[in-house]
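Number of protein chains: 2
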Amino acid sequence: MNDTYPWPVFEADTVLPASVYDRVVPHAETPEALLAKGRTITARIQQVTPEDRLPGHKQPYYLRADRSERYLVAGTVVNVLARAADSGDMFEMATVTGGKGAGQPVHRHAQTHVALYLLDGEAELWLDGERFVMKKGDFASVPEGSEHGFRFCAHRTKMMVWYAGTEALAAIRALGEPTDCHVQPDDAEVAWDRERMAAAERAGDIAFADEMFPELPARAITRATLPEDTVPYTLAADEGRKFVGGPEYFALLASQENTGGKFFVVMSQGPESEMIPRHYHNLHTENFFCVDGALDMIVNRSRVTLSPGDFASVPAGAIHAYRMACPFTRFMGFLTPGLFQNFFETLGEPGYEANVYPREPHQLRFDRVLKELESLDLVVIEEQMREIEAAEAERA
Amino acid sequence: MNDTYPWPVFEADTVLPASVYDRVVPHAETPEALLAKGRTITARIQQVTPEDRLPGHKQPYYLRADRSERYLVAGTVVNVLARAADSGDMFEMATVTGGKGAGQPVHRHAQTHVALYLLDGEAELWLDGERFVMKKGDFASVPEGSEHGFRFCAHRTKMMVWYAGTEALAAIRALGEPTDCHVQPDDAEVAWDRERMAAAERAGDIAFADEMFPELPARAITRATLPEDTVPYTLAADEGRKFVGGPEYFALLASQENTGGKFFVVMSQGPESEMIPRHYHNLHTENFFCVDGALDMIVNRSRVTLSPGDFASVPAGAIHAYRMACPFTRFMGFLTPGLFQNFFETLGEPGYEANVYPREPHQLRFDRVLKELESLDLVVIEEQMREIEAAEAERA
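Chains A and B supply the protein sequences, listed in that same order. The UniProt record's numbering puts the first residue of the first sequence at 1, with every later residue one more than the last. The UniProt record's numbering puts the first residue of the second sequence at 1, with every later residue one more than the last.
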């Protein structure tokens, strides 16, 4: 983490007009609660947690692949990307890596909406009474109360798990032990211990099913579109609700309509590009996970480069910008709460049907963004920053 | 590419005793031809080609993912990693990226041994009268004259193709046109043009089969061990002839017994590690391709970091060293001719059965390497370099 980027002290206490809250769909946190959080966060705008550490409170941080707090859980290494404490009680997040046979038996979370994305290898996925073969890039959305589980089929399989909740990770951790090792155990028959599982149920938001890995016919994940409301579903790799904007395309893997407004997941894909204007958000947290290529980011005073597997969490109030830094870059955004989805719907042209970014750039509708600014949780401050920097440079 | 690494001018004209040539198995180039090349190369020891350029003659060079010379060939982007001119007429190499339906119809090369490794997505593979489903990490070895072809099944599939020969890439290029675009065309029915295919047959070492993509029953690639001689075969992801050495494990995906001594392919997997001692080789070229994590390299005066998809070619005479730079790093080596296989067999403990690097480091048998040094194409010069650097530092 290069902390020498010249950044002036800047107090960001602007808040957006009330209209933005209309975009929070029912069941999300109340606008008042979000606003309170937004105000708290701006006080910490200059801090970025040192590389590879979980901050323990809500502030920007950056983790390189596989280097965070880790637990050895029944044949997998659980690498924690966010605990409730790090996200201001908004979400938790982890990668789960294991050999053939490792996984998590069928269970449900009463209060936690889960999203799964397969980063590497292959897995069997149980979801809501069905069984799927999950390949790299396949996605699943698992609302509160829906039964789900997975078991890995390749020598190294890596699953990303997003929890829109604050009590699930405690349960997963209670299944295992802290570990210093970075690598998954070798393929193995996992001996599941019902006592441990009961302890996990007491420790957090989890309830295991009677049958751990039911024998059901397994089928490939082929779904290419999002359902209309909050139901369990799978989505095939490189599918989703697609928009094109400028040189990139972005696909919603889960919209806020699929998550009761709690969050949405967007996969962006594009070529090397210019740094977008620096900006911040008052209400929502943006989490960046690099899948392919590289993402150069400015986060407050820091410049970081995300390589595949690296993660950055940018809460409300943190000034940030990014550019894609490789000819083929793919990164995921987990944005919570889901109110900022209208930005992507404003910037992008819907109905993009290709499965790869456009060979010739399309129009970028930033004009529409500017027109809609009042309804977006977005404060663009590139110009102000340049003025401040110019004044700083003159004084120096 | 950082070219500021302080490297003294160093003339490397040491050649190894004759015993090393005994390790070149039949059908490889003659020792005299290799020796002549070794002597030529040492004269260029200080040069490293600027990033992302093919040098046009045999010297070290470094290419970031997808940034080299590119051709649009029937629904794929062929990104050239090495032409015959860049390798001293030893090999050619490329990545082939495409959407669903793109690929190469069944063909054979009379004088070129091909190796295929699937970097991303999924493909159908035709090999020697059989049809396979090829997943990420699966490998195939295709001796001279063996029929093979592939067709992609995922929205983005990326295949690495190694040619132990000098005439195949000209044929592939003749199938298409140069392109500036970095990204594959979208999924498409590819219209194969028999006239173009005939032109390709005239341009280089290729002969197409009558039936382009024969309908055969397709099966998964499950083979876990190498055959004993030079025959076409497939190998499942993370399989091969495995050795453990220190914190890493390495697997031969193709041994020189499988290639008539022309080359071998080794996949190394390990945690973050120390820089190995600087060294050079008199006779063989080493090609490094990063699959996961990152590889820090010293190549002559340069320090480079290979991220996934990046490539470095290190011919005989180039001083080099490397370290794995991430908790989970995987890189492939294509070493040609195959005489240096005995190094891995000396350093490593054979019979490693796990599918992931060891959770506790094993012994590194460098003592055995030192004992066998006379039979290895290896000149370790770490100590000499430190003396030279110390003298330089004192003068400065």
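It is worth saying that the hints were derived from the structure and are not from the lab. Errors might be hidden in some of the hints.
[Unchecked claim] Here are some of the chain B residues that sit facing chain A, going by a computed Cβ distance under 10 Å:
| # | residue |
| --- | --- |
| 1 | R67 |
| 2 | G99 |
| 3 | E239 |
| 4 | C326 |
| 5 | P350 |
| 6 | E353 |
| 7 | N355 |
| 8 | R359 |
| 9 | H362 |
| 10 | R365 |
| 11 | R368 |
Backbone N, C-alpha and C fix where the C-beta goes; we use that ideal spot for every residue, glycine too.
Which of the numbered hints are not met once you compare them with the structure shown? Violated: hints 5, 9, 10 and 11.
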